[in-house]
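Visitor: Produce the entire structure from the sequences given, and follow the hints as far as they go.
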Amino acid sequence: QKEVEQDPGPLSVPEGAIVSLNCTYSNSAFQYFMWYRQYSRKGPELLMYTYSSGNKEDGRFTAQVDKSSKYISLFIRDSQPSDSATYLCAMSAKQAGTALIFGKGTTLSVSS
Amino acid sequence: GAVVSQHPSWVICKSGTSVKIECRSLDFQATTMFWYRQFPKQSLMLMATSNEGSKATYEQGVEKDKFLINHASLTLSTLTVTSAHPEDSSFYICSARDLQQPQHFGDGTRLSIL
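Heads up: the sequence lines are chains A and B, in that order. Going by the working numbering, the first residue of the first sequence is number 1, and it counts up by one from there. Going by the working numbering, the first residue of the second sequence is number 1001, and it counts up by one from there.
Worth double-checking, as some hints may not be accurate.
Under the rule of at most 25 angstroms between Cα atoms (straight-line distance), these lysine-lysine pairs were calculated in the BS3-like manner [to be verified]:
no. : chain 1 : residue 1 : chain 2 : residue 2
1   : A       : LYS56     : A       : LYS94
2   : A       : LYS104    : A       : LYS70
3   : A       : LYS104    : B       : LYS1014
4   : A       : LYS70     : A       : LYS94
5   : A       : LYS42     : B       : LYS1041
6   : A       : LYS42     : B       : LYS1014
7   : B       : LYS1020   : B       : LYS1064
8   : A       : LYS67     : A       : LYS94
9   : A       : LYS2      : B       : LYS1041
10  : A       : LYS94     : A       : LYS104
11  : A       : LYS94     : A       : LYS2
12  : A       : LYS56     : A       : LYS67
13  : B       : LYS1055   : A       : LYS94
14  : B       : LYS1020   : B       : LYS1055
15  : B       : LYS1020   : B       : LYS1066
16  : A       : LYS70     : B       : LYS1066
Read the hints as simulated data drawn from the structure, not as lab findings. These figures come from a predicted structure and were not determined experimentally.
Guide: As structure tokens, this is what we get:
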């Protein structure tokens, strides 16, 4: 079993839809959870960063962490064509910046 | 804030040459910098971690004599791919962080070896 599992998609939705992206993990020591957005031929851009369990909201984005289920989610409300990208989950057992384990990424396409 | 600049963005060179890639943190001091490699439709694979002023720590399977990493200052790290061959062609991405902060990534370097 891989440490972090993420469905690669692709996921296609119409503009304005609510998007749900998910990752599961096996290492119960993970405490820091991040979501990155990566456009084609670009580096990942940090979207959300959470510590331990709970929810965090930033504009149209909401990150949820359920440590009991080893499951994290990213919700995108009112999705826009500019949200079309690959979304990578990442997590770490130590400080947020060290030893990140990435999911494979989910490719999202939002059509207008 | 937290801008990481990577240069060049794309390089094509002949087999056997060495290529240097620079990674700079523009608006913060990076205590740690990381180098990743990414193949098409795959996730990022950590190659090495470097702390300013000390030797880089390489992940298992990464040849340290082939991928030379220098982190001479708190804002600059370089990756040199020595005697590059076609199998070294890939997308190389650096990231940097300050204490307690998540990693911020550069825009990557697309390396093509002919």
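Visitor: Now, for every hint given, state plainly whether the structure supports it.
Guide: A quick look at each hint next to the structure:
| no. | hint | verdict |
| --- | --- | --- |
| 1 | LYS56/A with LYS94/A | 20 angstroms, holds |
| 2 | LYS104/A with LYS70/A | 17 angstroms, holds |
| 3 | LYS104/A with LYS1014/B | 31 angstroms, violated |
| 4 | LYS70/A with LYS94/A | 16 angstroms, holds |
| 5 | LYS42/A with LYS1041/B | 13 angstroms, holds |
| 6 | LYS42/A with LYS1014/B | 24 angstroms, holds |
| 7 | LYS1020/B with LYS1064/B | 14 angstroms, holds |
| 8 | LYS67/A with LYS94/A | 15 angstroms, holds |
| 9 | LYS2/A with LYS1041/B | 17 angstroms, holds |
| 10 | LYS94/A with LYS104/A | 21 angstroms, holds |
| 11 | LYS94/A with LYS2/A | 19 angstroms, holds |
| 12 | LYS56/A with LYS67/A | 14 angstroms, holds |
| 13 | LYS1055/B with LYS94/A | 21 angstroms, holds |
| 14 | LYS1020/B with LYS1055/B | 17 angstroms, holds |
| 15 | LYS1020/B with LYS1066/B | 12 angstroms, holds |
| 16 | LYS70/A with LYS1066/B | 38 angstroms, violated |
In terms of the numbered hints stated before, the structure departs from hints 3, 16, listed from lowest to highest.
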